[in-house]
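Enquirer: Chains as they are written, first to last, in the working numbering: chain A, 1 to 73; chain B, 1 to 418.
Simulated from the structure, these hints should not be mistaken for laboratory data. None of these values were measured; they are calculated from a predicted model. Treat each hint with caution, since some may be false.
As the list claims (entries may be wrong) - Straight-line Cα separation of at most 27 Å, BS3-like style, residue types lysine-lysine; simulated pairs:
1) B/K118 <-> A/K44
2) A/K44 <-> B/K318
3) A/K44 <-> B/K275
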Amino acid sequence: MPPVPSNRRMLLGLVLALSGCATVAPQQRAILADPTMRFDAEGKHEAPLRHAIDNREGSMGGTGVSGGGCGCN
Amino acid sequence: MQLGIGRALAAALALLVVLPWSSGATAQVAEIDTAHSVFYEAPTRTHMFVYSPSADFQVSPWPWLDVRGGWEADVVSGASVATKAGAAYQATHPAADVVTTASVHDFRNLGRGEVAFKGETTSLTGGYAYSTEHDYQSSSMHVNSRTDVLQHNTQLELSYAHNFDSICDRVQSSGDTSPTRWFALENSTGCFTADPTRTTHAIGIDTYEASWGQSWTPVFETQLTYTGQLVNGFQSDPYRSVVLGEGIKAQEYEPTERAREALTARLAWYLRSIKAAVRLSLRGYYDTWAIESGTVEAEFEKWLGESLRIMARGRGYKQTGAVFWSDDYTGGLPPLGPRGQYWTGDRELSPFWSWLAGGRLVWTVTPARGRILGIMESFKLAGSASVTGYTYEQYTLGGTPISNARAYIGTASLVAVF
Chain A
1 MPPVPSNRRM LLGLVLALSG CATVAPQQRA ILADPTMRFD AEGKHEAPLR HAIDNREGSM
61 GGTGVSGGGC GCN
Chain B
1 MQLGIGRALA AALALLVVLP WSSGATAQVA EIDTAHSVFY EAPTRTHMFV YSPSADFQVS
61 PWPWLDVRGG WEADVVSGAS VATKAGAAYQ ATHPAADVVT TASVHDFRNL GRGEVAFKGE
121 TTSLTGGYAY STEHDYQSSS MHVNSRTDVL QHNTQLELSY AHNFDSICDR VQSSGDTSPT
181 RWFALENSTG CFTADPTRTT HAIGIDTYEA SWGQSWTPVF ETQLTYTGQL VNGFQSDPYR
241 SVVLGEGIKA QEYEPTERAR EALTARLAWY LRSIKAAVRL SLRGYYDTWA IESGTVEAEF
301 EKWLGESLRI MARGRGYKQT GAVFWSDDYT GGLPPLGPRG QYWTGDRELS PFWSWLAGGR
361 LVWTVTPARG RILGIMESFK LAGSASVTGY TYEQYTLGGT PISNARAYIG TASLVAVF
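Construct the entire structure; sequences and hints are all you get.
Expert: Here it is as structure tokens:
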């Protein structure tokens with residue numbers, strides 16, 4: 001197995017360290033579970049808008065990987 | 001081969017539908033949703049109109065299994081720029097037909113299926129989608145794994161997708177080895193048939209995504225997502241010609257390889273004082289065609305009563321142009337003129353910025369007792385509308401600048417849970 005570059009190890013360590021600092025107890029998660037706090041609560045509803053935007057910009061990313069055609073005339 | 005894929009897809013979808021209802025399986029939850037969207041681009045002579053219906057279902061025969069299937073379509077009509085030239089050429093050829101608008105009518109159909117295996121803190125999802133248009137076909141497979149750790153405060157997700165796509169093109173004359181002599185595709189007639197004047201090019205797309213979500217406090221969470229994509233194959237618009245010089249126009253010619261990267265940071269913060277959530281998203285993007293972009297998006301969402309949610313959204317986007325982008329390859333003062341061995345008339349590869357404003361209403365009904373109409377556990381009705389404006393810094397239509405080109409998008413959707 002090739003050695004993991006030191007900067008990636010540092011990033012992984014940072015993620016784990018920062019994650020360990022978070023202490024939201026299960027009984028405190030009511031607001032976090034609310035649809036207004038979810039990034040993709042209406043993902044299917046928003047999909048046509050994302051599709052239209054993606055086809056008119058030179059960029060992509062951050063909204064999932066599932067593909068399926070062009071529809072980009 | 002196409003028939004084989006179609007049959008395999010039909011069989012897979014039929015299996016997905018039938019399997020959960022077979023003996024021994026007890027459907028605990030079934031969900032059906034449908035969405036209908038319209039897109040209209042008013043200016044730039046295109047008058048592009050797209051109607052996109054979709055229908056999806058999900059059944060959960062056991063707590064550890066979700067089975068999903070769906071269909072969506074794009075019905076496209078309008079026009080697109082068939083021949084691209086800019087200010088320098090138009091200045092000396094005022095009567096030249098440098099910005100003809102080709103009529104576009106297309107119908108994209110997509111079928112998809114997905115299976116998700118769920119544990120208490122983990123899930124593994126795999127899916128397949130097949131879509132077809134007059135001039136484009138796509139087979140796409142994706143897998144996704146997700147795990148929650150540290151009492152669900154940390155969510156880690158890995159995803160991968162591969163597309164096996166193909167695009168129609170005209171057969172060029174065997175003697176024309178130089179792309180400067182290639183002609184654009186006239187129309188999609190004969191595509192994906194044995195027509196000797198038509199051929200297809202393969203496009204392979206690999207997409208990777210890794211995401212880290214973190215709940216920091218009872219009202220604050222973040223998400224960091226890295227997306228990488230490798231595109232290999234024909235990426236030009238086969239219908240588009242670019243004027244390269246005096247009396248010379250050639251089919252658009254873009255590099256066949258493109259590596260793309262994006263890093264997206266999101267946060268959601270619930271403001272107790274006004275009982276509303278603010279979501280903010282920042283994205284940076286770079287690719288090997290030298291396009292760099294930044295996106296900022298803000299959403300504000302609030303419950304009005306117990307069943308109605310209202311959301312307002314604003315978005316800003318700015319990108320640089322591809323290294324080979326020019327508005328006019330025939331010459332002129334910078335930034336016009338030839339840019340190496342490639343040429344394009346694609347406005348999406350030009351430098352521009354855009355804005356978007358919109359809103360969404362979601363009405364959810366979940367009765368405390370009983371079922372709606374005796375069958376539905378809950379239903380959700382949503383509607384949204386957005387307007388977006390594009391200002392192109394260099395892209396012109398025969399030398400005519402385009403600023404604040406508007407497009408309008410509206411979506412309505414219904415979700416019923418049984």
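Enquirer: Kindly indicate which numbered hints from before are broken by the structure, ordering the numbers from low to high.
Expert: none
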